[in-house]
Amino acid sequence: MSQDRSAARAGTRFCRRGFALGGAILGLAMTATGCAATSTASNSVTLTVFAASSLTASFTQLGTQFEAAHPGTKVTFSFDGSSTLVDQLVAGAPADVLATADEATMTRATKANAASNPQKFASNVLILIVPPGNPAKITGLDASLSGKKLVVCAPPVPCGATTKKLATMLGITLQPVSEESKVTDVRAKVETGQADAGLVFTTDATAAGTKVQTIPIPGAEKAPTTYVIATTTAAKQPTLAKQFVEYVTGPDGQAALKTAGFGP
Amino acid sequence: MIRPALPRWVAFPAGIAAVFLTLPLLAMLLRVPWLKVPALLTTPASLDALSLSLRTCLLTTVLCLILGLPLALLLSRARGRWATIGRTLAMLPMVLPPVVAGLALLVALGRRTWLGGTLEAAGLDVAFSTSAVVIAQTFVAMPYLVVSVEGALRSASHRYEIAAATLGASPTTVLRRVTLPLIAPAIASGAALAFARALGEFGATLTFAGSLQGVSRTLPLEIYLQREIDTDTALALSVTLLAIAAMLVAATAKLARGRRWEP
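Line by line, the protein sequences are chains A and L. The first sequence runs 1 to 264 under my numbering. The second sequence runs 1 to 263 under my numbering.
Keep in mind that the hints were calculated from the coordinates and are not lab data. Accuracy of the hints is not assured; some may be wrong.
[Claimed, not checked] Here are the computed lysine to aspartate or glutamate pairs in the EDC-like style, where the Cα-Cα straight-line distance is at most 20 angstroms:
(1) Lys222(A) / Glu67(A)
(2) Lys211(A) / Glu191(A)
(3) Lys74(A) / Asp252(A)
(4) Lys111(A) / Asp232(L)
(5) Lys137(A) / Asp230(L)
(6) Lys111(A) / Asp230(L)
(7) Lys165(A) / Glu103(A)
(8) Lys164(A) / Asp230(L)
(9) Lys137(A) / Glu120(L)
(10) Lys148(A) / Glu191(A)
(11) Lys148(A) / Asp232(L)
(12) Lys148(A) / Asp125(L)
(13) Lys36(L) / Glu161(L)
(14) Lys120(A) / Glu246(A)
(15) Lys165(A) / Asp142(A)
(16) Lys137(A) / Glu191(A)
(17) Lys258(A) / Asp142(A)
(18) Lys222(A) / Asp142(A)
Please build the complete structure, drawing on both the sequences and the hints.
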């Protein structure tokens, strides 16, 4: 699945950069990955936004609203893990706006001179999720977890870094049976009942709906992750990019993010 | 030996194909920080991933031989509609997207399923264990052994087996002393292919077994995780995987050339 997505992205990149390598195969690959979609009509401009995967639902909605408020504008998104997006940006991928799920990842982009003037625009806290009916009778980050199957995010990714921060703050040692690279993988393992409990962001629990039950963690709000947004230094639409950042940090953007479960 | 001439234009698309297949690998080799590779490969996380991958792949190959070889023998003798259905089913995991293979295993053996629940109650809890890794790898790798061995068996002549049977050898003796030695190169190349496929297994393992250092985080999973933070480590591990895979593929090609049953 992820290969497909990266292939599609690579296709887009090739399209923008022209026929660097040439050849019929690449031409075919480009046709298959829908390069034509990235070419714009003369009377419309395209704004490309790279955003952390946890922002998928809320940013898609914000993009539609932004298009309505700015006639002739088309907003396209690439949603992926924050680190992956920064890697792509630094390697020259075309984007006008970058939104990451933590400050550390954004710092990597600004240090590489790929993005500038980052602004905080939302926060997210961890919550414990269990399968419907709570079969393992989990009551929280306590003794009820001993001998049970807890799944968390791996420390290198934003949700894992937040998990580590929370455990240190609470003075507890978690003994997970698996450390996933994506918060959605944690959710999937709890939804299927394969895991007895999982630590995810509040917004992921909201998105899962009735497929999971939630158990709030007292003190989790003291170990939040902060979402940061910035315009890129290579932006093709710098003015529009700035307007999008203002829209996200403004009242309309904040309202949509609040509905999705994000904190201020 | 006289070979019919090929039209010259074939060289053009063939050249593009060769560049297309080798360019990404060459680009990766150029990006690898060679001087740092020894240090990057000897971190506890890298060593755990490497050792887990080798151990599980060896176990997977043994399981493929114990179970897949008899299946290949049966399929090679089967005729008619059921044989076709059997061959298709045995090959299916080869073409399944790995994530689908993982989901299928989860639906069949997950903790909330009848079979998985029964196994757990019996004390055989495979969820998030190294056993789950081996199960996922065996599921995707066994078809390679079966297809390789079955193909060799079907194209082999039965005259030596018939001769042995006529001379009074029992079916087990014929199998042990005639059939298996005849197809030994195919068994070896099938086993090497199965090992290589198990080594690269990613999606099914991640979906079915999870990812924990020393328990379920094999080499491809460690590369996937390191890619998030440290491209250098990811590249060093990738080149290790590439080296092992290249040796296996080369061995397979050599073994396949050594087919003894050809006239």
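Structure-based check of all given hints:
1. For the proposed pair Lys222(A) and Glu67(A), the alpha carbon gap of about 36 angstroms is over 20 angstroms, so the pair is violated.
2. For a cut-off of 20 angstroms, the pair hint linking Lys211(A) to Glu191(A) stands: about 6 angstroms separates their Cα positions.
3. At roughly 18 angstroms between alpha-carbon atoms, Lys74(A) and Asp252(A) fall within 20 angstroms of each other, so this suggested pair holds.
4. Restraint check for Lys111(A) and Asp232(L): satisfied, since their Cα atoms lie roughly 18 angstroms apart, inside the 20 angstroms limit.
5. A C-alpha spacing of about 38 angstroms is found between Lys137(A) and Asp230(L), which places the hinted pair above 20 angstroms, so the restraint is violated.
6. Of the pairs offered as hints, the one joining Lys111(A) and Asp230(L) holds, with about 16 angstroms between alpha carbons and a cut-off of 20 angstroms not exceeded.
7. Restraint check: the Cα-Cα separation between Lys165(A) and Glu103(A) comes to about 14 angstroms, which is no more than 20 angstroms; the hinted pair holds.
8. Using a Cα cut-off of 20 angstroms, the hinted pair Lys164(A) and Asp230(L) holds, with the two alpha carbons roughly 19 angstroms apart.
9. Restraint check: the Cα-Cα separation between Lys137(A) and Glu120(L) comes to about 17 angstroms, which is no more than 20 angstroms; the hinted pair holds.
10. As the CA atoms of Lys148(A) and Glu191(A) are separated by approximately 16 angstroms, the hinted pair is consistent with the 20 angstroms bound.
11. The hinted pair formed by Lys148(A) and Asp232(L) fails the criterion: a straight-line CA distance of about 35 angstroms is larger than 20 angstroms.
12. Between Lys148(A) and Asp125(L), the direct Cα distance comes to roughly 12 angstroms. Compliance with the 20 angstroms bound is thereby established for this hinted pair.
13. With a CA separation close to 56 angstroms, the supplied pair Lys36(L) and Glu161(L) exceeds the 20 angstroms bound.
14. Distance restraint check for Lys120(A) and Glu246(A): the Cα-Cα separation of roughly 11 angstroms lies within the 20 angstroms cut-off, and the hinted pair is therefore satisfied.
15. Restraint check for Lys165(A) and Asp142(A): the C-alpha separation of about 17 angstroms stays at or below 20 angstroms, so the hint holds.
16. Of the pairs offered as hints, the one joining Lys137(A) and Glu191(A) holds, with about 15 angstroms between alpha carbons and a cut-off of 20 angstroms not exceeded.
17. Taken as a hint, the Lys258(A) and Asp142(A) pair is broken in the structure, with Cα atoms around 29 angstroms apart against an allowance of 20 angstroms.
18. For a cut-off of 20 angstroms, the pair hint linking Lys222(A) to Asp142(A) stands: about 18 angstroms separates their Cα positions.
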